[in-house]
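Chemist: Based on the sequences and whatever the hints tell you, model everything.
Protein chains: 4
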Amino acid sequence: MSTLTSHKVAMLGTGLIGDFYTMTLHSQRGRDRVVVAYSRSEERGRAFSERWGIPRHTTCVDDAINDPEVDTVVVGLPNDLHLETIGKVAAAGKNLLVTKPLGRTGAEAKEILDIVESAGIFGGYLEDLVYTPKTTVSLASVKAGAIGDVTWVRAREAHPGPHSAWFWDSKRAGGGAVIDLGCHCIEIARNFVGKDNRPIEVMAWADTLVHPIAAEDNAIFLVRFESGAIGQIEVSWTFRGGMDLRDEVSGTEGTIRIDHFLRTGLELFTTGGSGGYVAEKAETDAGWLFPVGDEVSELGYVDMFSDMFDAIDAGRAPRETLYDGYVVNTIMDAALKSAQTRQWEPVEVAWRGGTAASIKRVPEYHQGRTVVKRELLPDGRSKLILNDPETGEITDVVL
Amino acid sequence: MSTLTSHKVAMLGTGLIGDFYTMTLHSQRGRDRVVVAYSRSEERGRAFSERWGIPRHTTCVDDAINDPEVDTVVVGLPNDLHLETIGKVAAAGKNLLVTKPLGRTGAEAKEILDIVESAGIFGGYLEDLVYTPKTTVSLASVKAGAIGDVTWVRAREAHPGPHSAWFWDSKRAGGGAVIDLGCHCIEIARNFVGKDNRPIEVMAWADTLVHPIAAEDNAIFLVRFESGAIGQIEVSWTFRGGMDLRDEVSGTEGTIRIDHFLRTGLELFTTGGSGGYVAEKAETDAGWLFPVGDEVSELGYVDMFSDMFDAIDAGRAPRETLYDGYVVNTIMDAALKSAQTRQWEPVEVAWRGGTAASIKRVPEYHQGRTVVKRELLPDGRSKLILNDPETGEITDVVL
Amino acid sequence: MSTLTSHKVAMLGTGLIGDFYTMTLHSQRGRDRVVVAYSRSEERGRAFSERWGIPRHTTCVDDAINDPEVDTVVVGLPNDLHLETIGKVAAAGKNLLVTKPLGRTGAEAKEILDIVESAGIFGGYLEDLVYTPKTTVSLASVKAGAIGDVTWVRAREAHPGPHSAWFWDSKRAGGGAVIDLGCHCIEIARNFVGKDNRPIEVMAWADTLVHPIAAEDNAIFLVRFESGAIGQIEVSWTFRGGMDLRDEVSGTEGTIRIDHFLRTGLELFTTGGSGGYVAEKAETDAGWLFPVGDEVSELGYVDMFSDMFDAIDAGRAPRETLYDGYVVNTIMDAALKSAQTRQWEPVEVAWRGGTAASIKRVPEYHQGRTVVKRELLPDGRSKLILNDPETGEITDVVL
Amino acid sequence: MSTLTSHKVAMLGTGLIGDFYTMTLHSQRGRDRVVVAYSRSEERGRAFSERWGIPRHTTCVDDAINDPEVDTVVVGLPNDLHLETIGKVAAAGKNLLVTKPLGRTGAEAKEILDIVESAGIFGGYLEDLVYTPKTTVSLASVKAGAIGDVTWVRAREAHPGPHSAWFWDSKRAGGGAVIDLGCHCIEIARNFVGKDNRPIEVMAWADTLVHPIAAEDNAIFLVRFESGAIGQIEVSWTFRGGMDLRDEVSGTEGTIRIDHFLRTGLELFTTGGSGGYVAEKAETDAGWLFPVGDEVSELGYVDMFSDMFDAIDAGRAPRETLYDGYVVNTIMDAALKSAQTRQWEPVEVAWRGGTAASIKRVPEYHQGRTVVKRELLPDGRSKLILNDPETGEITDVVL
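Chains as they are written, first to last, in the working numbering: chain A, 28 to 426; chain C, 28 to 426; chain W, 28 to 426; chain E, 28 to 426.
Each statement offered as a hint is correct.
Cut-off 30 Å, straight-line C-alpha distance, at most; resulting in silico cross-link-like pairs (DSSO-like, lysine-lysine):
id, chain 1, residue 1, chain 2, residue 2
1, W, K198, A, K410
2, E, K387, C, K364
3, A, K198, W, K410
4, C, K198, E, K410
5, C, K198, E, K387
6, A, K387, A, K222
Note that these hints are calculated values from the structure, not bench results.
Modeler: The following block contains the structure:
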């Protein structure tokens, strides 16, 4: 006799992200199901529901949210619709899961956060990339001390540009590549440096190099955290060669490199006989291709939804909360501002996190001098580079 | 109101494979659950049940099989216990899932197959490695024609040797590295060349190079299939550096390389601060390490159990049946015999599959000669290597 | 009867770089030879000369420079000795090859440049990393248009810190990781964006995160070039795991990734039996190691010296001139200033290069709207994202 | 005043290998020069000489060999011309360098060897692939004990087939892919297991799977050496995706993986704008490409010729002698015979090497039982797998 809980989901939005979310929920021995889909278009709603075996679809968002069977609403709509829609979910008292980014600005995200917290409903922030199996394993290693104190996180997401029109419209999206991709990278960096590590300030470059749009199609920015660690964010809508989704982490005792998408141990050369879908945002279907095994698993969707529903069942917070989404928005605000002012800009955030200690320096001494570096020579002797703490004079000695 | 089916499982065996199986079933939003564990040791049974939140455990295999809540029995016991145990599962009329290899010999596997088919119960062969996401994607590409006709499959599994004593005892296991690892590799090769592609004969080398045991600790063998394709199987219990689990496939129009475990896009360097479990059969915990993200997913366990339970629910055969397990055993018989007789040995199998066409040769002609090769020169001209079909004379011409 | 020219070299400096340079010159069928070595220490000079089969050594730099057999002087001395030493080489009228960086500041580099140009001697800037075979092949591809217009170059050099004391002393070196490693990365970026592409301004972060020194041990900076392309420079003296020497280039039509040192197709796992020198700056001698085949070739030394001596013989400029060294210094000046002022700083350079066109945007139109993106749908139809040039409205259409 | 020796070379043959050899000799600061080229075709000889700046060319092989300036003759001709041509070089008393394979059979190779040894001239076997920088570094590691005793060498060379017509004609070549590519792989294996390790017997599969020719286009064979080590040779003329040139070595204490050509740290994606030559045997010029930096260096040509000329100058044997070429031919004879007889065939060689000890087994004992495996458990305890030397009973114990 089964006593398993199974959540019934309203999926708002039937674009690419709706497909990914529903594929995840309905794949393998999927326990939780989408029971109603909302699309502004009757045609797309019907096609979506047929594709995924969803019993009902509607063009009325209120009907979807208030569907009596539904206990959880997934907001997979364009950014400019988040605030209004979430208000309705809060009013309905349903569990809320929101796609990234939470809002178009920190202020909008804060408004959303306040609404949800006032209503007392469950709120989960669907930042999938911190849930990838590789990221989860890496975070566990970092927490276990495998790489010492984190000094630097590079998070990079680059591809030839998004599929839907509204992403390219900065009025609806809130920006360009920074808003679309930067939110992923920022949250990856926050997870690695530690969520109690306050983001202090941001220095950004952004430009529109290739596409005929108003928003930036490339940006690079540095986030300086309280510990001194740096998050290096690289986003691009003009990358050629597929989807470049890589993270690198350096620490005082080690380093991590993650490639999520392009070099994952599966390589296929074809002269071009079969024109199938190889992977999200692949650019060619002949030559050397690098497919991903289980895309929704590798991109973190599977573990993300597991965490969300487990959190609802257990009455606990999920790993990624709406507050996290809000912090991400404030960092993007600072990045977009810095790209204009051309100087470091502070992150203006209502901080709830703790404080983080500075990156450790454990001074070692040799005859009253600080050891800068200790090196093993081929002949077995040790060479020390020494710094005189009073004069700053640098010398070396072989022991 | 949930109408999900959820299977209740008896797990026979609490060794490493029992851990992997149960971890898989109970992970993420696991719908199917282990409700009773059987171990010959009360102590190990108790620890196992506590580790995985299993309500009951027993040292009586009959009690586990006949537990009234149980509808499915997983046999994760040493090879020499398969035949007897499966007889009991068949008598109880429960669904049967058996770990690899099915038997110690083709004859034993046939006996098991007959028992299960007579009883009319569901039988699934738990060959996880053909279910890895990378393998599944690759098989789909091959079926879609991406690499043309398959000519060669290399399947390699190598590590420093198994964890439990009985593996090393050829009387209990039925052999050494061939039986332990060869069964995986053979079934990978069969999937890529097509299961209707009859294995004709085997040529094998096997030797005990390093370990003080009677069974082989290294073997290499070639399986020739009806189409002309070759399966190249490499197994070793003396590999240093972790678990080397790679497949390569060549076809007339392409090639595939799969690395399941050592180079999958996650790389970690550590000076050694954290002594955690990195991955199955990793040999070090400092220096450059190559952890796997989600081990049970990457090794195919997740998709394997999904297929098994979906097959039970749908009343269809799973992707891997006990008949497949039997074919694998007959190929291993031929390999072990060939290692003794030092010549090709036929595969003696009661064949139920179909027939496979030979690897395609599409002859192209130029002025009455067969085109051996067509090459594009840097200056844009084409160079043809030609074979005179009557004289066998080889010439070239530039067009 | 041989008519080969063979240059006779004075090697000033017997540190690690002197070893690399001499190893290169004397390796394989080395045609050009070091005939005298200068070291401040009699002991190190003697050991060096014995190591490399050099006939003479001296502790007097003037004697080395003015050695009558010598036609070419290699300056491999600490940065603070470049200016004075180069004055002597100029006075002697010998061919001059100088290790990187040219000076400690742009002003010092300019002074050196002026001295050399006044003397009319040959001057070569020994920036090896733009001469690596991979870089040379990549530059040829870029010039041939393989990746379109370059938009971004990431050049990264990171390791646990230099071997000699003087590098750590910013008074002698002129700075820390920026001066030591940034000069390489900047010149790599300049080569990829084109040397006629003027560096306009720099935004930098630099910090001393780990080592007990005054100079920066980590820095990241962006160089904006006239075309709009960005050079992203990452340097670190606190990296763990060996020497991380990678470049990435993105263009409007392609992308390049180069790994010079850590993942080059040679992988070795060892339980630690042999304690040999594996590669420059490797950190361990057990576990997975990634040696480099021919270090001096992979690091560009071989092709660099070939170009230098061929240039001397042919009376032409080498690929890397002292002017290039000067430009690099001015960019580092801007980086170090920006790290202080926390805003973009202009590059103050006496520019001799040409001008570079902006990154191309080739507008495509569809019914009066600009095509933002063209995407092939799985069903073979094309989806266009369109931008109304008057209203900025973004729409899509499927054809 | 230069006292450098510089060899003057006659290049016999102006095909692809003649190009590679001459490119190598004339590249960088090349000290040794080709002074005369021989081609059967006046036109090809002239084009070749112009391409490489060679002063003279001829269609008379005797004129080339006896050219008075020439001290060294490189035989880069089709296999069926080796014996006759080498007789002429021996008669002329010149230094001889011969491309691979030495002969078409062991008998022919022996005849060549006898002629050269009788004449007392220098003879070098131009097996480039054992001279690649990666191979040289790896061989040094193996000799230093880094991987313990070698148990297995996989050497693989696979590409879509050779460029010249005569390769495809087994009468002229002496066979197909085995003769063309197997000779490389065999000598790689011999170098790793040690040249004193006598090849005992060979088991081979060969087939013509794709091309319309009489010779084999695919083969796999195992060479068993005296120590028990296995050389696993894989050759193919039907590989798609470029040139697959990889070696793997396993030992009792480690493992080595070498990728010479396809994954060497240089990756380029292009939409196809520039149609240049990317690398030997690359198949596409768009999509992801994997060029090689310095092809003649990576393929070993540079270090091979350095060794040859240094050996001549020093009056010592080169690393690869004609005797090595002869041994390789005898192993290929056994392979081709085994492919016919379908059983192991002995290697019939006039052995001059020494003897090799068996792969080491260092037995460890625990309370009278042999330790099969020692494993560290997560809780820090050790688990031993034990073998009772009298009964063969396998047990385990946790300490």
